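A.B. asks: Since the structure of chain C is already known, use the hints to place chain B on it.
What follows is the residue order along each chain.
There are 2 protein chains.
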Amino acid sequence: MDIVAADGPAARIRIVLVGTQHPGNIGSAARAIKTMGLHRLVLVAPQKYPHNEADMMAAGAEDVLNAAVEVATLAEAVADCRLVLGCTARSRRVQLRELRPRDAAASVHAEAAAGGEVALVFGRERTGLENEELQLCHAAVHIPANPDYSSLNLAAAVQVLSYEVRLALLGEGGDVTPAAIAPVNPDAVPHAELEGFFGQLGDTLEDIDFHKGRAPESAMRKLRRLFVRTGLDQKEVRLLRGILADAQRMARIARDRGDG
Amino acid sequence: MDIVAADGPAARIRIVLVGTQHPGNIGSAARAIKTMGLHRLVLVAPQKYPHNEADMMAAGAEDVLNAAVEVATLAEAVADCRLVLGCTARSRRVQLRELRPRDAAASVHAEAAAGGEVALVFGRERTGLENEELQLCHAAVHIPANPDYSSLNLAAAVQVLSYEVRLALLGEGGDVTPAAIAPVNPDAVPHAELEGFFGQLGDTLEDIDFHKGRAPESAMRKLRRLFVRTGLDQKEVRLLRGILADAQRMARIARDRGDG
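These protein sequence lines are chains C and B, in that order. So the first sequence is numbered by UniProt numbering: it starts at 1 and just counts up by one. So the second sequence is numbered by UniProt numbering: it starts at 1 and just counts up by one.
In isolation and in its complexed conformation, chain C is listed as follows (with noise of 0.2 Å):
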């Protein structure tokens, strides 16, 4: 028996695979993290799935593979997770903060230990994650590799994090940096009911004119990001809303006298 127990801390963590290209990968990957003691597999969007080449590569962890979870976005894939990282080559697109696979895990172990949901979020082969969907993250997670050939397999970068978050479940993560570790709300609402606040905020911002005839996208994915990032529970969430509410209820008078 494995001294990470499935269903304690390892139970609420789930590896997301976006957009994989090729099947075997997806096999791969469910090998490297069951050798690590882990065994939540979602796919958001596979290209080629099922695939017998994807169950050639598991090789004995076609438990994983029979069980993954298979959606069609990642907004799905994480919308009751309370942490959700991405991992990247280095990104200088997005402003996410970005994590050591070792402070990551350290993360990770704490949100699960706490009883949140976790995902760990690995893109495309060629191309990554998109803009839209580093959004949905937390914070991002780079492996420090050589940036001359910054390459690595998509099965090698889940085995890299799946070994760092076992060491982190075995208590043996070791030297964390503290300032990189997300500090968790433990009442953080999950992602999906953020999405109401930021339909609202968004709404607000044309009915205060903040736009001023400027494309709207940039703000508001900048906001996604400070919000996402923080971690509001449940009571930060009806506060501003009902701050929005009122800067609507004061923007529809102002409109209301203009008009008259």
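For the record, the hints were derived by calculation from the structure and aren't laboratory data. Treat the hints with care, as some may be off.
What the hints assert, rightly or not - Derived CB-CB ranges, DEER-like:
1) B:G171 - C:G199: 42 to 52 Å
2) C:I253 - B:E172: 48 to 58 Å
3) C:T73 - B:M1: 37 to 47 Å
4) B:A59 - C:A5: 29 to 39 Å
5) C:M56 - B:D7: 38 to 48 Å
6) B:E130 - C:M56: 53 to 63 Å
7) C:R249 - B:E172: 49 to 59 Å
8) B:S218 - C:T127: 54 to 64 Å
9) B:A59 - C:E62: 36 to 46 Å
10) C:G199 - B:E172: 39 to 49 Å
11) B:A72 - C:R97: 48 to 58 Å
12) C:E62 - B:P147: 16 to 26 Å
Quick caveat: nothing in here was measured; it's all calculated off a predicted structure. Built from N, CA and C at the ideal position, the CB exists for glycine as well.
C.D. replies: Just chain B now, with coordinates in the frame of chain C:
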């Protein structure tokens, strides 16, 4: 440019693959080590090599593959090494000291930084390293896998160890268990020079009739392990061989008297 300089300690670290069965794994291993800033690959009697599957899986690490050295035995592969670590699934057959990957990486770094040649050795996909091969190793490295399913893919194991070596070279290895690191004898003789000593030791045991009818292999295995682990320097080898010579001389005199 990678901040782990290719001509620094990394240049003294070789990854040795013994008896690899699937050529694709050789290519994947080349890719894995290159992503971690290493570049020296030694192939001991690969079953199918060169092979187009190796080239395919190398995917941009062809330079590592093309520079790979092919030899017939592990003894040749590590003849000039001062530190040889064998990656194993936990083995009960051979009583080698066992290091965690992180501690192993710290040893590798310390030895390579002190100017020594270092080898990280990986066995066959199914059967690992043979006992005779493990006897050439100063210590074993064990990736703490799920005991119910510990079969890491060969390239995945190479990736995890290379990752830890990279962290050590970057100075980010962290919490090393000091007692676990091999005491490095900066003047230890390379492996090949021990063979003359072992030869004389074997002769001496015969001469003094140590075995008394038992098979000599078991005692020699234990003695090899002991002296390989110790890291003997030139003076110590000379001292020990002097002792052996005297023991042999006495045995000869005793035999002559018995004959007389």
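A.B. asks: Indicate, hint by hint, whether the structure satisfies it.
C.D. replies: Cross-check of the supplied hints:
1. A beta carbon spacing of about 46 Å between G171 of chain B and G199 of chain C agrees with the range 42 to 52 Å that was offered as a hint.
2. Separation of I253 of chain C from E172 of chain B is about 57 Å and conforms to the stated range, judged on CB atoms against 48 to 58 Å.
3. Between T73 of chain C and M1 of chain B the CB atoms are about 39 Å apart, so this pair conforms to the stated range of 37 to 47 Å.
4. About 37 Å separates the C-beta atoms of A59 of chain B and A5 of chain C, a value consistent with the hinted range of 29 to 39 Å.
5. Evaluation of the 38 to 48 Å hint for M56 of chain C and D7 of chain B yields a pass: the beta carbon distance comes to about 40 Å.
6. At about 28 Å, the CB distance of E130 of chain B to M56 of chain C disagrees with the hint of 53 to 63 Å.
7. Remark: the range hint 49 to 59 Å for R249 of chain C to E172 of chain B is upheld by a beta-carbon distance near 52 Å.
8. In this structure the hint that S218 of chain B and T127 of chain C lie 54 to 64 Å apart at CB holds, the actual value being about 57 Å.
9. For A59 of chain B paired with E62 of chain C, a C-beta distance near 26 Å fails the hint of 36 to 46 Å.
10. A beta carbon spacing of about 42 Å between G199 of chain C and E172 of chain B agrees with the range 39 to 49 Å that was offered as a hint.
11. A hinted range of 48 to 58 Å holds for the C-beta pair A72 of chain B and R97 of chain C, which are about 51 Å apart.
12. Checked against the hint of 16 to 26 Å, the pair E62 of chain C and P147 of chain B passes, with Cβ atoms roughly 19 Å apart.
The structure is inconsistent with the numbered hints 6, 9, although it conforms to all the rest.
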